[in-house]
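**Q** Here are the chains, one letter per residue:
4 protein chains.
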Amino acid sequence: MFVNRRTVAIEWGDCDPAGIVFYPRYFAMFDASTAALFAAALGMTKFQMLRHYDIIGIPMVDTGAKFSVPSKFGDVITIESQISEFRRSSFSVAHRVFREGETLAIEAHETRVWAGRHPDDPNKIKGFPIPQEVIEKLSQ
Amino acid sequence: MFVNRRTVAIEWGDCDPAGIVFYPRYFAMFDASTAALFAAALGMTKFQMLRHYDIIGIPMVDTGAKFSVPSKFGDVITIESQISEFRRSSFSVAHRVFREGETLAIEAHETRVWAGRHPDDPNKIKGFPIPQEVIEKLSQ
Amino acid sequence: MFVNRRTVAIEWGDCDPAGIVFYPRYFAMFDASTAALFAAALGMTKFQMLRHYDIIGIPMVDTGAKFSVPSKFGDVITIESQISEFRRSSFSVAHRVFREGETLAIEAHETRVWAGRHPDDPNKIKGFPIPQEVIEKLSQ
Amino acid sequence: MFVNRRTVAIEWGDCDPAGIVFYPRYFAMFDASTAALFAAALGMTKFQMLRHYDIIGIPMVDTGAKFSVPSKFGDVITIESQISEFRRSSFSVAHRVFREGETLAIEAHETRVWAGRHPDDPNKIKGFPIPQEVIEKLSQ
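Protein chains in written order, with numbering that gives the first Met the number 0: chain A, 0 to 139; chain B, 0 to 139; chain C, 0 to 139; chain D, 0 to 139.
Careful: at least some of the hints might be erroneous.
As the list makes no split between identical chains, a pair holds if one copy fits it or if it spans any two.
[Claimed, not checked] Distance condition first, Cα-Cα at most 20 Å in a straight line; then the derived DMTMM-like pairs of lysine to aspartate or glutamate: (1) Lys71 - Asp120; (2) Lys136 - Asp120; (3) Lys71 - Asp61; (4) Lys65 - Glu106; (5) Lys125 - Asp61; (6) Lys123 - Glu84; (7) Lys65 - Glu132; (8) Lys123 - Glu135; (9) Lys71 - Asp53; (10) Lys123 - Glu99.
No lab work stands behind these hints, which were simulated from the structure alone. Since the model is a prediction, treat every value here as computed from it, not as a measurement.
Working from the sequences, and respecting the hints, build out all of it.
**A** Written out as structure tokens, the structure reads:
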């Protein structure tokens with residue numbers, strides 16, 4: 000599978016009164032990491048991807064994370080992301096966070112839907128088949 | 000002018016490693032306070048207001064705040080909001096934050112636009128005249 | 000088990016370009032919901048709880064959520080929270096989110112540690128036994 | 000004055016239902032930009048700076064921003080930051096945001112305090128004189 004790695008500097012505003020990352024911030028980082036994974040594999044930004052494939056987003060249906068090692072502001076973490084499974088109109092992503100390049104600090108997983116506007120009701124969203132070229136580029 | 004007051008409990012996740020509110024969180028609270036001000040005066044949620052008046056939002060063009068007294072998690076603050084000025088397609092809002100009902104902790108101001116989709120380019124937004132009934136209900 | 004319910008109004012700033020809640024915001028809401036659960040059962044704020052029991056926090060070690068029904072800004076959700084298990088120095092929390100009082104929209108779980116400063120290294124944290132009175136009050 | 004520039008990619012989660020950056024997110028970016036300014040000038044992270052100079056933070060006392068051009072997710076902005084004035088125990092910072100390297104999109108200013116723990120009450124904070132070497136390195 001195609002793997003994308005990016006580094007994230009932990010900012011003061013990411014951290015809570017205990018001095019460590021407020022964990023909902025990690026989920027925002029993972030959301031950006033999934034966008035970066037698709038961007039790197041497809042060669043276009045997420046914004047361009049939504050337009051190109053005429054979808055409204057890739058909403059989350061199931062996510063979870065195990066936090067083994069906390070990070071504090073000033074730390075730099077590496078987030079490694081890859082698709083763990085493609086299904087017809089949904090897919091799973093695995094993220095692994097490393098501290099100082101080596102220590103596995105967090106493992107997270109996501110299940111998302113390839114979603115467009117519902118043809119019968121523009122206020123609703125609906126899963127659509129993931130294009131074969133998307134699957135291929137992220138499976139290399 | 001119509002005045003709206005709401006109380007906000009400061010949460011752990013609103014605070015930074017110094018144990019006090021991370022100030023960008025106040026701006027999110029003020030954004031919700033402006034929405035609550037319109038909702039209270041118009042008798043509809045901001046969501047309904049956007050649909051009813053066919054606008055896309057009330058985007059910020061200028062804002063500022065003076066922080067006199069910090070708040071920490073566990074504190075409950077009161078945010079008092081009112082329109083300070085209406086212009087043709089823009090308006091200003093004043094927020095005052097009180098600690099324990101008495102101490103003035105923050106003073107903030109906003110200038111926003113009553114904005115809809117640009118008739119010539121749906122990807123752009125454009126200021127529209129604020130409806131007279133909106134001005135009247137918020138001026139009572 | 001002691002159950003706490005609270006309502007949360009979904010704000011404009013909680014939502015993403017698809018118009019629905021940006022899911023990391025739910026985790027911030029759940030963090031506040033766990034704080035509210037302890038506050039309701041113990042009769043003190045989380046701030047007072049940390050001081051009273053001399054702990055530094057209740058950091059997350061494992062969390063996950065299934066999102067069945069999206070919410071958009073203007074919606075009001077009810078979050079129902081309770082302890083699902085107490086262990087020696089850790090505990091699990093279950094959150095259920097309801098739309099309009101009836102539709103189950105999200106199910107989430109958390110495992111957290113009752114954590115204080117490490118006696119040998121004040122820069123580290125360590126799990127401590129959960130006080131019996133805390134267990135009792137949350138188990139009623 | 001020492002000037003620091005950094006680029007920030009606008010993420011999906013930074014944006015609101017109108018598809019543009021939710022403005023409180025800019026303040027979080029500016030907070031990180033001020034930290035990056037000091038880090039670049041002093042050659043240490045903000046975390047190290049707080050330890051080295053024995054301060055608890057550089058809390059905000061006054062900030063404001065004018066938003067001229069909105070940014071949407073997928074955009075990359077450049078934030079240019081510099082000290083605009085040093086006083087005894089406080090200082091001001093100016094941020095300018097550029098779209099595509101040329102268009103001035105936002106102008107923001109901050110006044111912050113060089114703050115440590117109050118010697119008489121560790122729960123309070125107090126302004127301390129800004130060290131001369133800090134002033135010199137940021138004035139180059």
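**Q** Each of the hints needs a verdict: does it hold here or not?
**A** Quick rundown of the hints versus the structure:
no.	hint	in the structure
1	Lys71 - Asp120	between (45 Å within a copy, 16 Å between copies)
2	Lys136 - Asp120	neither (31 Å within a copy, 34 Å between copies)
3	Lys71 - Asp61	between (27 Å within a copy, 18 Å between copies)
4	Lys65 - Glu106	both (5 Å within a copy, 17 Å between copies)
5	Lys125 - Asp61	within (16 Å within a copy, 30 Å between copies)
6	Lys123 - Glu84	neither (25 Å within a copy, 37 Å between copies)
7	Lys65 - Glu132	neither (32 Å within a copy, 28 Å between copies)
8	Lys123 - Glu135	neither (28 Å within a copy, 35 Å between copies)
9	Lys71 - Asp53	between (39 Å within a copy, 18 Å between copies)
10	Lys123 - Glu99	between (43 Å within a copy, 17 Å between copies)
In summary, the structure is inconsistent with hints 2, 6, 7 and 8 from the numbered list given earlier, while agreeing with the others.
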